[in-house]
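Put chains B and C on the given structure of chain A with help from the hints.
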Amino acid sequence: MNQSIIQWFRFGSPQAFYPIAGRMIPWFWAAAAAFGIAGLWISFFVAPTDAQQGEGYRIIFVHVPASWMSMFLYLIMAFWAGLGLALNTRLSGMMAQAVAPTGALMALLSLWTGALWGKPMWGAWWVWDARLTSELILFFLYLGFMALQAAIDDPRRADKAGAILALVGVVNIPIIYFSVKWWNTLHQGSTINLTKAPSMAHTMLWGMLLMALCFWMYSIAVALTRVRAIILERERHTDWVKHAVE
Amino acid sequence: MNAFFATVRRDLLLALRRKSEVLTAVFFFVIVTSLFPLGIGPEPVLLKKIAPGILWVAALLATLLGLPRLFAADHVDGTLEQMALSPSSLGLLVAGKILAHWLLCGLPLVLLAPVLGLQFDLDAPALGILTLALLLGTPLLSLIGAIGAALTLGVRGGGVLLALLVLPLYIPALIFGAGAVEAHIAGLGAGGHLSLLAAMLALAVFFAPWATTAALRIALE
Amino acid sequence: MQWNSAGEFFAMGGYAFYVWGSFGACALLMFAEPFLAKRRLSEVRQSLIRELLADELELKQKNP
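Protein chains in written order, with the working numbering: chain A, 6 to 251; chain B, 3 to 223; chain C, -13 to 50.
If you're looking for bench data, these hints aren't it; they were derived computationally from the structure. The beta-carbon is built from N, C-alpha and C at its ideal position, and this holds for glycine as well. Careful, some of the hints might be misleading.
[Said to hold, decoys possible] Selected chain C positions facing chain A (Cβ under 8 Å, derived; list incomplete):
id: 1; residue: Leu34
id: 2; residue: Ile35
id: 3; residue: Leu45
[Stated by the list, open to error] The following residues of chain C were derived to be distant from chain A, with all beta-carbon distances above 10 Å:
id: 4; residue: Asn(-10)
id: 5; residue: Ser(-9)
id: 6; residue: Gly(-7)
id: 7; residue: Val5
id: 8; residue: Ala23
id: 9; residue: Glu29
id: 10; residue: Lys46
id: 11; residue: Gln47
id: 12; residue: Lys48
id: 13; residue: Asn49
Just chain A, with the same shape it has in the complex (with noise of 0.2 Å):
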């Protein structure tokens, strides 16, 4: 085999794994929170205020990153899920089950922030929108993945149902996704059409690009620092751990 793949399969291992993302985590933290006051200061006091909507639309700088990363961490939670079923290597299912509480954090959120934009603009908390309903579909499918994995004692025969659980849902996603677009316009009458985006500024645009690339930042720090609690908490019985937290 190819030396840089052997490589790859090292690092690949938890013992390796630890310590590197010991070292990670502090920049992914820096990267985050430079973004964050960039993007902050972008979306507070560079971006001009809307013609429509006024100060509300300043919201779109955290509902729009939000519901990317929900999406996001979906598929890199079944990237992970895949290669660990393909593969069978520990590192994967550790980290797909390290992603899943992020991203279901950042649908919450983006249906929190949904909900508060949508009341002044649109006049309700909640509207059945094609986007909003696959946004709260998909925290449903976060939550069945994380009951399912805590529901299951034995780690590596939850790392695989949850994996073919996830496999399952990116299957579906696109469907659900179709289906609920499908429904909306046939109930056209009883909605509001909120495809019509404002129409958007430089600034703005920048202001949300930086924003949503805080939201990944952190999300990587986040989720490397539950998946060495993990690696701590499932590999305790190994010779390793005991000289890494000495």
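Showing chains B and C alone in chain A's frame:
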């Protein structure tokens, strides 16, 4: 293929010896659909509007009732392990079990739905569409549900967990199934909905037994 | 810069509740989550260190 039919026959025979389990789900379906007019009021216009949704949601929940038993008994007495070790492929046997589950828990709902639809003032063509949609949709529910049943096999709090895993995945079936009847009532034609439902069924027939088998092998390890 | 005073900034053109409710919830949860993750890590670590000390004590008692 012999093994497939043998599994179907065996599961049907076992179920017929314990009829109460099958009947529970059917009675549940009947009672739940009859409760809604009592809770909402007897106005025919309103009932006609909500009928497809109510019948479909009740069908979802009724299929859910039978799912935990799909593999549980065979898992406890070791039959499932014998199946996994047998020369015929486990996927085929699992497909047989899913078909038996649909014949026991899905088909009665399809046959009952037109009768229950009468309670909601649906006319004959609408009842036909409802039955057709359920005929395409309930196998889909059994197939998706089987994945959940295999994943939660022998797990703490399996029944509730199963509902949490499976119900979000049932949403497309619910939307297109109930949508078909609604579209027909609105005069839009139900063809699109029904073909999408059939497409999803084809996809599930192909993938679901495979995913269920993988999940069962994990549970048996 | 479109704010003339701090009060105007916090009022958010009448949308204070919605804007600060969104940003506040994000800030709160995004501080709580890393805190909980870190606590989980340090708890495992503490229990592992205690285990290690217990092993050492046992060894000392066996062959002083």
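Quick rundown of the hints versus the structure:
{"no.": "1", "hint": "Leu34", "in the structure": "5 Å, holds"}
{"no.": "2", "hint": "Ile35", "in the structure": "6 Å, holds"}
{"no.": "3", "hint": "Leu45", "in the structure": "13 Å, violated"}
{"no.": "4", "hint": "Asn(-10)", "in the structure": "13 Å, holds"}
{"no.": "5", "hint": "Ser(-9)", "in the structure": "14 Å, holds"}
{"no.": "6", "hint": "Gly(-7)", "in the structure": "13 Å, holds"}
{"no.": "7", "hint": "Val5", "in the structure": "5 Å, violated"}
{"no.": "8", "hint": "Ala23", "in the structure": "4 Å, violated"}
{"no.": "9", "hint": "Glu29", "in the structure": "8 Å, violated"}
{"no.": "10", "hint": "Lys46", "in the structure": "17 Å, holds"}
{"no.": "11", "hint": "Gln47", "in the structure": "19 Å, holds"}
{"no.": "12", "hint": "Lys48", "in the structure": "18 Å, holds"}
{"no.": "13", "hint": "Asn49", "in the structure": "20 Å, holds"}
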